[in-house]
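Visitor: Chain A is already provided as a structure; the job is to place chain B on it using the hints.
Protein chains: 2
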Amino acid sequence: MNRNADPGEAEGTRIGGSEEFGMARFMDVHSGFTGMTPGQLRQAYELDLAIESTEGVHFERAWLDPESGKAFCLSSGPSKEAVLRVHDKAGHPTAEIYELLAEVE
Amino acid sequence: MNRNADPGEAEGTRIGGSEEFGMARFMDVHSGFTGMTPGQLRQAYELDLAIESTEGVHFERAWLDPESGKAFCLSSGPSKEAVLRVHDKAGHPTAEIYELLAEVE
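Line order of the protein sequences matches chains A and B.
If you read the first sequence in the working numbering, its first letter stands for residue 145, the second for the next number, and so on.
If you read the second sequence in the working numbering, its first letter stands for residue 145, the second for the next number, and so on.
I should point out that these hints are in silico values taken from the structure, not numbers from a laboratory.
Source: prediction; values computed, not measured.
Careful, some of the hints might be misleading.
[To be verified] Derived lysine to aspartate or glutamate pairs resembling DMTMM-like cross-links, with alpha carbons at most 25 Å apart:
| # | chain 1 | residue 1 | chain 2 | residue 2 |
| --- | --- | --- | --- | --- |
| 1 | A | K233 | A | E190 |
| 2 | B | K233 | A | E190 |
| 3 | A | K224 | B | E211 |
| 4 | B | K224 | A | E249 |
| 5 | A | K224 | B | E249 |
| 6 | A | K224 | B | E240 |
| 7 | B | K224 | A | E211 |
| 8 | A | K224 | A | E204 |
| 9 | A | K224 | A | E249 |
| 10 | A | K233 | B | E249 |
| 11 | B | K224 | A | E190 |
[To be verified] Covered by chain B, according to a simulated footprint, are these stretches of chain A (three or more residues, beta-carbon under 8 Å):
| # | region |
| --- | --- |
| 12 | 194-202 |
| 13 | 225-234 |
Positions of the beta carbon are idealized from the N, C-alpha and C atoms, including for glycine.
Okay, chain A solo, but in the shape it has when bound (with noise of 0.2 Å):
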């Protein structure tokens, strides 16, 4: 067992980025979805999953919170650069990208 790879794993803690496994996990912020419905959500998320394979992405979940009009996507993929593409080619790029070097649950 490689224990450099996932030592954390037993305590629920997962570690690393691209560098070690070739991909990574990212937390996008997207501003300005102020009054935006769970539908509308729905649409936009629909839009990213059909095109996310064409970067090597995989979109795991996204939360929205039409108050402040911030809404939040979890991501695994190559780069941040893939990430930003796909939201680019699906009409709501964003700046606003983190790679996670680290989860705990």
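Guide: Just chain B, lined up with the frame of chain A:
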């Protein structure tokens, strides 16, 4: 079956907040964690888990981007203020918290 309570379950959409269910979901964002290690994220998260029940809150997951110093926490609880109090008591307050009225996957 109450379709209003969960109209989008079949298509992977969750809708609703504390007003509907007495329990809402939140994403909060921390800044200034530049260089934080996965172990330090785990330690901070354990502080939240240790006291979350005093506020009726449950933290589900947290993610860290040590390069930007951003951390994201996904939680459920009775109110935004309850989530904030847990983070305050745990020693890592943040003013940036969003109530999530929709989630898609």
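Visitor: Each hint should be assessed against the structure and marked as holding or not.
Guide: Quick rundown of the hints versus the structure:
1. A:K233 / A:E190: holds, 12 Å
2. B:K233 / A:E190: The given pair, whose Cα atoms are some 39 Å apart, is violated under the 25 Å limit.
3. A:K224 / B:E211: At roughly 13 Å apart (the allowed maximum being 25 Å), E211 of chain B and K224 of chain A satisfy the hint.
4. B:K224 / A:E249: With a Cα-Cα distance of about 20 Å, the restraint between K224 of chain B and E249 of chain A holds, given a limit of 25 Å.
5. A:K224 / B:E249: The given pair, whose Cα atoms are some 20 Å apart, holds under the 25 Å limit.
6. A:K224 / B:E240: Given pair K224 of chain A, E240 of chain B holds - Cα atoms ~23 Å apart, limit 25 Å.
7. B:K224 / A:E211: holds, 13 Å
8. A:K224 / A:E204: Answer holds: K224 of chain A to E204 of chain A is near 15 Å, not above 25 Å.
9. A:K224 / A:E249: holds, 23 Å
10. A:K233 / B:E249: Distance ~19 Å between K233 of chain A and E249 of chain B Cα, so the pair holds.
11. B:K224 / A:E190: Cα-Cα ~29 Å, so violated.
12. 194-202: violated (count 0)
13. 225-234: violated (count 0)
Hints 2, 11, 12, 13 from the earlier list are contradicted by this structure; the remaining hints agree with it.
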